[in-house]
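Novice: Sequence:
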Amino acid sequence: MLFRSAAEPPQLAVVIVIDQFRGDYLARFGPQFGEGGFRRLLANGVNFTNCHYRHAITLTAPGHATVLTGTTPDVHGITANDWLDRGTWETRNCVEDPASPLVGISPAELGPVASAAPAKTGRSPVPLKAATVSDELKRLHGAKSRVFAVSNKDRSAILLGGHQADGAYWDENGRFISSRHYRADLPAWVRAFNDEGRVTARFGATWDRLLASEVYDRVQGPDDEVGEADTAGLGRTFPRKITGGLAKPGAAFFTAFDNSPFSAEVLAEFAMRAVTEEKLGRGEAIDLLGVSFSQVDTAGHNYGPDSHEVMDSVLRLDRTIARLLDHLDREVGLARCVIALTADHGIMPLPERVKRLNPGTPAGRVKPAEMDAAAVKALEARFGAVPKGEAWFTRDNAGIHLRPSALTARGTTAAEAAKVVRDAWAALPYVAEVHTREELLATRRDADGILGALRRSYRAEGDRDVVYAFKPNFVAKAGAGVSHGSPYDYETHVPLLFSGAGVPRGERSEAVSVEDLAPTLAALIGVPAPATATGRRLF
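According to the working numbering, the residues represented by the sequence shown are 1 to 539, in order.
The hints are simulated quantities; they were obtained by calculation from the structure and are not laboratory data.
Treat the numbers as computed from the prediction; the structure is a model and nothing was measured.
All C-beta atoms in this analysis are idealised placements derived from N, C-alpha and C, irrespective of residue type, glycine included.
Where hints are given, some of them may not hold.
[As the list claims (entries may be wrong)] Pair ranges (Cβ atoms, derived):
hint	residue 1	residue 2	range
1	A374	P528	45 to 51 Å
2	K367	G142	50 to 56 Å
3	P528	D185	29 to 35 Å
4	D329	V103	29 to 35 Å
Assemble the whole structure, with the sequences as input and the hints as a guide.
Specialist: This is the structure we're talking about:
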């Protein structure tokens, strides 16, 4: 049994984040769950069913940074997965740090990522501008508390771990790696885990549905939906072989593997090994483990939230989490653990499905080039053409940076040019709102609506000159698949549940935010909430 009196503090805090896990998935797929995973957590904890993010750019990095800082991207500084550096006019990764090279893999093995700019192979939490609950834990107990974070993605592990983690690990080309921010080399147990070849052992494995196809049809609809993508040679229907179209493991296989639920299984096996080898939950002070599962995100991007693939990914993850909980019970004792579970964002439906089920509902795929052309046309009409070889602006996520050289050449300012772009984009039928830098900075960070959400996704220094949000059910993704990054319920609504030591039981429907996770968890494990946290303690 997970529940335990608050008088006996827990020995291990476990924070589980599921990449792209919508707030309705627990209820939608709940009847098909086993007893040991999500149901186990729900039965022994409290489930907040009306939890939302309050920022607009709902992406992996901003969500993960919010989970344990307890604040929004405008404060913690992680406003996107990557953004334009106005000092160099190059895109930088949200956890990029040239001073912290990778360990466990060579630049040559990273392929295009390393060859484009070797400095980009460095990774650390330095870009994160706020402290996390794990940082507060280390500040209070020092080396007596151990903090580890693991994920399929580098940014997810690093941002969950915080600044002072003892280790953050993520998988790359079939092995788990880290960076010198944490240590100079991989520990022996990580090298041993990698040497076991658990990823390559799944070469040629078949991903098929756990249950009869009729069950998925009843819950999700047809297996093959217009708008689904064929990624890594996996096709659009079940079953599928995980080979990447290769005769032996190689780059295409690793991509196919990452898109399959087997990647979540291996991640859980790695997390279990970390608990055992690092003796988490058995020291002088409480430890913290962050685990972020990324595969549901790949399924949602490829097939949409209403697909058989997403449903099967969630059902398989339920079984994987059950095995993780069993391991925690054996190694630590679940009565000695407190567990928090949430997601970094949700996902919009396939626009083709929206139009099929609701004829007349506006939905579709936006071509950014069309937006750019409209902006350039308006700028040229007002200020004239820029010199040959020059550009008016550079794109950056859902917005643009105006180029200073172009502004100088045409004798105008960023503020004036931004208004012209704003007005041009506001006239487009798929744009909900568009705002200039000056408008965003003049907006209170607690403002309501899309404008307030955009403000909370905006850095005061070095951010874009113009920012926009599409109307619901529109996506800037060509051809097939779908994406996220909007301020609408289907992307802001995520689960939030706590289970274990000191946690009440039941279901609560009041409006809460993911920002509330950090102060609540901090209270459960007896540390101060991060100073910049804007969330509140829920119980």
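Novice: Against each hint, give a clear statement of whether it holds in the structure.
Specialist: Against the structure, the hints come out as follows:
1. A374 x P528: 45 to 51 Å: At 49 Å between Cβs, range holds.
2. K367 x G142: 50 to 56 Å: holds, 54 Å
3. P528 x D185: 29 to 35 Å: holds, 34 Å
4. D329 x V103: 29 to 35 Å: holds, 32 Å
In this structure, none of the earlier numbered hints is contradicted; all agree with it.
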